[in-house]
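Undergrad: Can you make the complete structure from the sequences, with help from the hints?
Residue numbers (our numbering), protein chains in the order written: chain A, 905 to 1399; chain B, 905 to 1399.
Bear in mind the hints are in silico, worked out from the structure with no lab data behind them. Please note: incorrect hints may appear among the correct ones.
Identical copies look the same in the list; a pair holds intra-copy or inter-copy alike.
Unchecked claim - No farther apart than 25 Å at their CA atoms in a straight line, the calculated lysine to any residue pairs in the SDA-like style are these:
1. K1244 - R919
2. K1302 - T1052
3. K1302 - A984
4. K1302 - Y1257
5. K1244 - Y1257
6. K1288 - D963
7. K941 - S1365
8. K941 - N1189
9. K1288 - G931
10. K941 - S924
11. K1390 - M905
12. K1244 - F1153
13. K1288 - R1378
14. K1288 - D1074
There are 2 protein chains.
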Amino acid sequence: MSTPAYDELAATWTRLHHLSHLQSIAGWDQAANMPPKGVEARAAAMAEMAALLHRMRTDPQLPTRLARAEQESLTEPQRANLREMRREWRLANALPESLVQRQQLATSRCEHAWRTQRPANDWAGFLVNFREVLALAREEAALLSAETGLAKYDAMMDRFEPGMTSARLDVIFGEVRQWLPGLVQRVMARQADEKVVQPAGPFPVQQQRALCEQAMRLLGFDFEAGRLDVSTHPFCGGVPEDVRMTTRFREDEFLGSLMGTVHETGHGRYEQNLPRDWLGQPLANARSMALHESQSLSFEMQLAMHPGFVRHLAPLVAAAFGRQPAFEPANLHRLLTRVKPGLIRVDADEVTYAAHVILRYEIERPLVEGDIEPEDIPALWDAKMMELLGLDTRGNFKDGPLQDVHWPEALIGYFPCYSLGAMYAAQWFAAMRRATPDLDARIDRGDFAVVFDWLRTHIWSQASRWSTDELAVRASGEVLNPAHFKAHLEARYLG
Amino acid sequence: MSTPAYDELAATWTRLHHLSHLQSIAGWDQAANMPPKGVEARAAAMAEMAALLHRMRTDPQLPTRLARAEQESLTEPQRANLREMRREWRLANALPESLVQRQQLATSRCEHAWRTQRPANDWAGFLVNFREVLALAREEAALLSAETGLAKYDAMMDRFEPGMTSARLDVIFGEVRQWLPGLVQRVMARQADEKVVQPAGPFPVQQQRALCEQAMRLLGFDFEAGRLDVSTHPFCGGVPEDVRMTTRFREDEFLGSLMGTVHETGHGRYEQNLPRDWLGQPLANARSMALHESQSLSFEMQLAMHPGFVRHLAPLVAAAFGRQPAFEPANLHRLLTRVKPGLIRVDADEVTYAAHVILRYEIERPLVEGDIEPEDIPALWDAKMMELLGLDTRGNFKDGPLQDVHWPEALIGYFPCYSLGAMYAAQWFAAMRRATPDLDARIDRGDFAVVFDWLRTHIWSQASRWSTDELAVRASGEVLNPAHFKAHLEARYLG
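TA: In structure tokens:
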């Protein structure tokens, strides 16, 4: 069957893929290697490439080709690929170049000033820049809403999590809101008289690095197709054929780098196992950010905090730093599963984490929809932290609304993906347990392949072939069902 | 003064510069970081970028713009910049796309097979691929010759060393041929009863690396604008704002990595000190490959093998590996200046090095001009090695004509740059000594800034503003004069 329009589109996306490859490696290099005086030249080079890719994605010939290809006789995966192409095209074309440029300037100014405003607790100074960031985000939300027919916040969230709506989130997070504060109290009461031995440092960086690489091997990361390096903010970058993960080390603490590495390994294995046959086409991309987080959290929360896994991790920790009572499997597991409400999202345990996300969702949604103003954030923040976690945050902006990079960077609509990811991860493990009733015994024995095989079959290899809902149904028999997340927490922390 | 055509050209070259930046960093990454399974995707990405840059350089609008700009009222540096733009445009347009593609295939096949043919001493196997590489190189030489009006070999050499001709080379190398064999004999006789203590290994890689970085600091490398990494074949890559040097380490030997690093540091400082005002324009590029080698060899041969420099290097070596008699300054200097004819060009000392280059020049020139055939190479090689260095190479292809990557990669016309670079380096130091009569005393005292200042003023900051001959006259009062090279060798080795 001849499909000339589709074929031309596929060739364009292959070119986009190749050029994005260089952009991605240069981005990784910027974070992991680049010396300080390289900043300006790299920024100019990256901006040139971004403009080039944008021109390719807004090529005036694309709409005709997309329309023609829709009339061609395509296979089912080709049709799914075309759907993803149209989505990318729509996102690239929805915003005028001038808005994109103003946003780049505003967010980069706001983010740069935020780096010093946060430690200085300077909320008033932050507001000066953030008002402009927000004004532009509202403009963007209005344009995306007009283009997609979604509500403004939903249109923003759709960039990261296609198909998710605030109507659904309100139900999902509304339920969590009901049971979370009580659960936190019960878990804390139960853990109150647990004895936990703290590890004694220092933990030399070289040993931490070796330990992280061993954990990655245990988790099946392919070092022939990727590597681990160091950056200030850990991330998983590169390309599916060559995944570049980063972590960061502190000599006084090793669980941060270790569990951070486990988290990024989940992202990394998803990327490494995307379908090779379709590489370079949007069909082969990871499904969504919640799905991506569901992989990092399947690794970090579901697998690595499983007592069976900890039993296999503990000897590696002892080999790295010498034997300590703190490294006994039972104690290491207690260290990893300690629950305590805190001010900082990225330091939160898996139980209290959702509270941080819900709070941000409940603020950023009315913010971008114009129902509240930036001045209203601190009071809302204080009230919600007290309500959800019983913590007083008044006047502490640096550990409050100034703590995340998302708002200065206008990444509005991203936060929900973290908790959705944790919920999907629990749902995947529930499905695994149905398919493999002795899953826990297998994990106890160190047979982690059963986990990886399930994820490969149901998530990694499926890439963007189906909508998120359809993928979830095919994988687990139902769309997102947060009951699994609650059941997981109850089983692990109260069981 | 309005210069619209020139301004458009300058904007195009700025874009080329930004995109080449990403290409260059990805190339460095490929050699220094990339895991094995990244090969295919990276090759595809690099080919996409090469094609894109080629399309930009062969944009059919360029000839008109170049012609219009030549009529505009330009400043003198703008005019020099326009000259360099035209040169780049001519080189990119001289060869049909199809020839470039066939060459890429043929050289990559030949180079890949050569990696195993060389250790297997398989000259016959090599010839099978090399015949095709040569046929295409001859096609290229004919096209470049037609475009430039130069002889075929000269047209090939002009890509690396604009303005140099084989007529001049014949004179220059003809003289060296006269005095070199006799000089080698005299130096060897003189060194015959020198006592040289060999360093005792092993030399741990971490200490070697630290030593190399200290040597780079001593030589003024700016680590805020570049870094040192490891690759199989050392090179100096990256961009002027962010120079990426590589070296390689062997535990049983440290002078190779150290002097290799010193060599690349010369390349690196040239790049780091190219004029910032013109960055992104061809005017700001390094003048030529011989000039580039003149910087690496100014660092490696002129400065780092100077007894005064060795006195400052020796304590760093002792601090890295512990005190040894071999690390006494006088002994270290004897180690670095040991002269002995050998089979391998890259292992050659500075006295015998020229013989390796002359031999290759005398073979590759008639080869590309069609006066000899690949079958003739071994006999010519044997005869010239015997004549120039008194060594028997019969039947030893792997340490003979199979030793370099240049021919499998069709880099015909490059070899002369190495020796021209050594000659220019000697000429620069002769000019420095005229300008600063106490140069040697200053180097003895560790005042190397006097060297760097001269190079910055006369070479680095001048970039491609003048032709090589004019640059040499401005820097040293004369065009290339190989007498300085001979005088340098006589002073150092017989003085």
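Undergrad: Which numbered conditions among the earlier hints are violated in the structure presented, ordered from lowest to highest?
TA: Result: hints 1, 2, 3, 6, 9, 11, 13 break, sorted rising.
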